[in-house]
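Chemist: Protein chains in written order, with this note's numbering: chain A, 2 to 264; chain B, 2 to 264.
Hints may contain errors.
[What the hints assert, rightly or not] Some chain A residues judged to face chain B by a derived CB distance under 10 Å, without partners named:
1) R97
2) V99
3) F127
[Stated by the list, open to error] Derived lysine to aspartate or glutamate pairs resembling EDC-like cross-links, with alpha carbons at most 20 Å apart:
4) K130/A to D156/B
5) K164/A to D56/A
6) K130/A to D176/B
7) K239/A to D222/B
8) K175/A to E251/A
9) K77/A to E122/B
10) K137/B to D56/A
11) K137/A to E78/B
12) K37/A to E76/A
13) K130/B to E251/A
Read the hints as simulated data drawn from the structure, not as lab findings.
Quick reminder that beta carbons are idealized off the backbone N, C-alpha and C, glycines included.
Protein chains: 2
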Amino acid sequence: MKRKNIALLLEYDGSRYDGWQRQGNTDNTIQGKLEKILEKMTGVCQEIHGSGRTDAGVHAAGQVANIHLDTDMDEKEVQNYLNRYLPEDIRVLQARVVPERFHSRLWAKEKTYTYYIDMDEKSSVFRRKYVYALGKRLDVNAMQQAAGYLVGTHDFAGFSSNKNKKKSTVRTIKDIRLQVSGSSLTVTMTGDGFLYNMARILAGTLIETGLGKRTPDSVKDVLESGDRQAAGFMAPAKGLFLESVAYEPEIFLLNKGDGETVR
Amino acid sequence: MKRKNIALLLEYDGSRYDGWQRQGNTDNTIQGKLEKILEKMTGVCQEIHGSGRTDAGVHAAGQVANIHLDTDMDEKEVQNYLNRYLPEDIRVLQARVVPERFHSRLWAKEKTYTYYIDMDEKSSVFRRKYVYALGKRLDVNAMQQAAGYLVGTHDFAGFSSNKNKKKSTVRTIKDIRLQVSGSSLTVTMTGDGFLYNMARILAGTLIETGLGKRTPDSVKDVLESGDRQAAGFMAPAKGLFLESVAYEPEIFLLNKGDGETVR
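With the rest of the complex left out, here is chain A (with noise of 0.2 Å):
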């Protein structure tokens, strides 16, 4: 059997789930569920890689992750074979055998994460897993103002709840966009790494400067002192998609026209 380095493209709805990483025995993680079934696929336990945590109840439309795998399964066989003993809330969209030394997080050039508000208190029915129906109107133009003093290269430590500050806290935030129709504001940022719970506290930050509860510039004290409660609240993990993981070069040919239709 031959040694296989396997990366896969997943979609899951994190609803019910604690987030990516596993946990000791009540398990109900997806990297537990993944690893699970892998074993029973394999007969040997291994880890599973994936390019960053997600925190509980937060979704990934584009989350990678790879494994050493011994098989004589090809790509597709593997994808199906986790699709067919997977939830019907987790879902392998691609399977791809990489160079053995890849690894899904060392190897990540850049994440997009989308945060989806709905200024409506009540959202679309069919979307009420996956947006924050906030029920107030908001000003975008103060919000772009302050997405335009987070873009660059920052130290976001006080945009993170993580407490450990031996690793460097100095990450690049690319791009912040924000999109409206109708009563939902979507906004899409993009950088080459983001902190624990980052991503939440820049959405739940953002929303504050849209309700005028803070200035733009404000974020900008937050971005100097690195003081976590300079910061605004941690938004909902219910609106939060990690939407993909950047590599150079590109590992998955995805079909947009799967599984990206939605009502």
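Starting from the structure of chain A, add chain B where the hints point.
Modeler: Relative to chain A, chain B alone:
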């Protein structure tokens, strides 16, 4: 207090309901939920008239209903009151005061149903409750040909579960559109009216045609014989949406951006 005839544009996730039409004691229907709240609002129990029934498990993106109320509330206040007390899987998209004689069913000119099929075994995790995951490829050309025979004014008795042969079973299907995007196939059906279970049986018959289990021509025999047994199976409720109900003149000016975009 002025008596008003108020029309509601409704959206609902039918997954956990026994359909539109109120039922005796153990009531778990859309109509029942609405009437209970309107009774609390006005103090009087009145019937709300739907444009038509939707089966248990069938969804609606644009159901229309109307009710006569004695209230000082304006349209927006009625909408907000209902949305405040309705469960999160039923939403009023718009409320409008309409002419005294307006009746959502009797005045309906045209209805559009959409049936969502995924040709993969597993559909998008975010759409899983709103699509029939078929797991087989379909011959869309054969389906298109069968659809061509169905369009027009015919006796659709064979495409209905309704045993009552007293009422006319002649209907006019104005259009059946098939759209493929990746693994998803959407069947959009527009007609002046649909018999009991007709939309689901039309979808099921087209699916059997796409699977090669029956010839496109075979639907002609069903139209001629009126034999339910000759038609296809009744496609699962979860894939069906009552998309819209048309009136002349139109009564709703829906902001299409609202609640229409889902990831």
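Chemist: Among all the numbered hints in the text so far, which are the ones the structure does not match?
Modeler: Of the numbered hints, 1, 2, 4, 6, 7, 10, 13 do not hold.
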